Amino acid sequence: MLLLWVPTMAQKDSLNIKNKDSVVYKQAYGIRLGIDLSRPATSFLDDNYTGLEIVGDYRLTQKMYLAAEIGNEKKTIEEDLYDFTASGSYIKLGIDYNTYANWYGENNAIFVGGRYAFGSFSQTLNNSQIFDTNRYWHPNDFATGSSAPMEYKSLSASWIEAVLGIKAELFANIFLGASVRLGALITNKDPDGFRNLFIPGFNRVTDSSIFGVGYNYSLTYFIPLYKKDKKPSKKKELTTE
Amino acid sequence: MKKLNIVLSILSGIIFISSCEKDDICVDGATPLLSIEFYDVTDTTELKDVPTLVVQGVLEDSVYPIIANVSLSSIELPLRVDATTTTFIISENLTATDTTTVNKDTITFNYETKELFTSRACGFTVNYDNLQGSISETDTDQWMKEIKIVTALVENDTLVNVKILH
Numbered sequence: 001m002l003l004l005w006v007p008t009m010a011q012k013d014s015l016n017i018k019n020k021d022s023v024v025y026k027q028a029y030g031i032r033l034g035i036d037l038s039r040p041a042t043s044f045l046d047d048n049y050t051g052l053e054i055v056g057d058y059r060l061t062q063k064m065y066l067a068a069e070i071g072n073e074k075k076t077i078e079e080d081l082y083d084f085t086a087s088g089s090y091i092k093l094g095i096d097y098n099t100y101a102n103w104y105g106e107n108n109a110i111f112v113g114g115r116y117a118f119g120s121f122s123q124t125l126n127n128s129q130i131f132d133t134n135r136y137w138h139p140n141d142f143a144t145g146s147s148a149p150m151e152y153k154s155l156s157a158s159w160i161e162a163v164l165g166i167k168a169e170l171f172a173n174i175f176l177g178a179s180v181r182l183g184a185l186i187t188n189k190d191p192d193g194f195r196n197l198f199i200p201g202f203n204r205v206t207d208s209s210i211f212g213v214g215y216n217y218s219l220t221y222f223i224p225l226y227k228k229d230k231k232p233s234k235k236k237e238l239t240t241e
Numbered sequence: 001m002k003k004l005n006i007v008l009s010i011l012s013g014i015i016f017i018s019s020c021e022k023d024d025i026c027v028d029g030a031t032p033l034l035s036i037e038f039y040d041v042t043d044t045t046e047l048k049d050v051p052t053l054v055v056q057g058v059l060e061d062s063v064y065p066i067i068a069n070v071s072l073s074s075i076e077l078p079l080r081v082d083a084t085t086t087t088f089i090i091s092e093n094l095t096a097t098d099t100t101t102v103n104k105d106t107i108t109f110n111y112e113t114k115e116l117f118t119s120r121a122c123g124f125t126v127n128y129d130n131l132q133g134s135i136s137e138t139d140t141d142q143w144m145k146e147i148k149i150v151t152a153l154v155e156n157d158t159l160v161n162v163k164i165l166h
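Here the protein sequences line up with chains A and B, keeping their order. full-length UniProt numbering applies: residue 1 is where the first sequence begins, and numbers increase by one. full-length UniProt numbering applies: residue 1 is where the second sequence begins, and numbers increase by one.
So here's chain A without its partners, still in its complex pose:
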């Protein structure tokens, strides 16, 4: 309302109301480092899983951050007729773009981003049974396929991710974040005789699709390196003429 009224006043007298006051807002730039909380929590609660992820980002511009995650996961999945363990590490590198307009003193982020990820892992087929609809030779159960564990080493996969997340400052440079990711596999070489059913960092691989979902909850600490002026956002002027 004031904005509407003020320009009409400007027409009348030479009062220049477009002068901003001379306080310049500075924002802190630096590195944020921390860990994902969901993976250690799942490691504690789930016997079949251990994992750890280190999360970090570096502020490039007012809204753009260079972000990365490094992690290691080991997951055992027990299906009806076979069970296997996937174990390996991954690294994700990308950009986060903060879409949230922080007020003075605020340091929160609602961001969208992308990652390019690479994982290196091994699959171990622990035991398996042969699927057979015919019950003649084994009336009560399926025949045992392999009981000695088969290990497929030196496997790798790469994928891209679209990320949506938030990072909120709790207090004193400590941030709590959460993000969801939609991943799309680029390269995935299946081992001879088996398939990559779980890729550490990407999660489950479905039979006919290249997509996968993941998430993380992060607790990070911000190390300020320098300060920079906050660029004023384009004001939406209500001009009468």
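Derived from the structure by calculation, the hints contain no laboratory data. Some clues are possibly wrong.
List of simulated lysine-lysine pairs, PhoX-like, C-alpha gap at most 25 Å [claimed, not checked]: (1) B:Lys104 / B:Lys145; (2) B:Lys114 / B:Lys145; (3) B:Lys163 / B:Lys145; (4) B:Lys2 / A:Lys230; (5) B:Lys114 / A:Lys189; (6) A:Lys153 / B:Lys163; (7) A:Lys74 / A:Lys189; (8) B:Lys48 / A:Lys63; (9) B:Lys48 / B:Lys163; (10) A:Lys74 / A:Lys26.
Treat the numbers as computed from the prediction; the structure is a model and nothing was measured.
Keeping the supplied structure of chain A fixed, place chain B upon it in accordance with the hints.
For chain B alone, kept in the frame of chain A given last:
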């Protein structure tokens, strides 16, 4: 703050959905059966019915139940997946009502098993390769005259694998 609410609900929605698992049902197929057809030894292109065809599997001296046959000139037999050999007793009876005229022949199939990972839902199935068959030599009155292997690789239930001439 409204924007934050929207983002939080999207986030939690995606996290809930990502914990869902696809309800996989195995439809991609199972371990195939050995397909046998019976032909006339005098005219090898003619199917010849086996009177009162009865087939049973044999494993280490114990005889297994009768395998149901589709017709009198063809049958599908399950090969063992945990071994490279399977033995069957195939018998005919020229007079159906008289049980003393039953003529039993023992046939043994040797092969290699190849495990294949079919799909996430099915897991592993087995294909049989390098199929060979032989009729037991100790039988004096063999009604099966010859075995011909048509398709040595058993990987589906559509192709005929073995022709037995009698």
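Out of the numbered hints, which ones does the structure contradict?
2, 6, 8, 10
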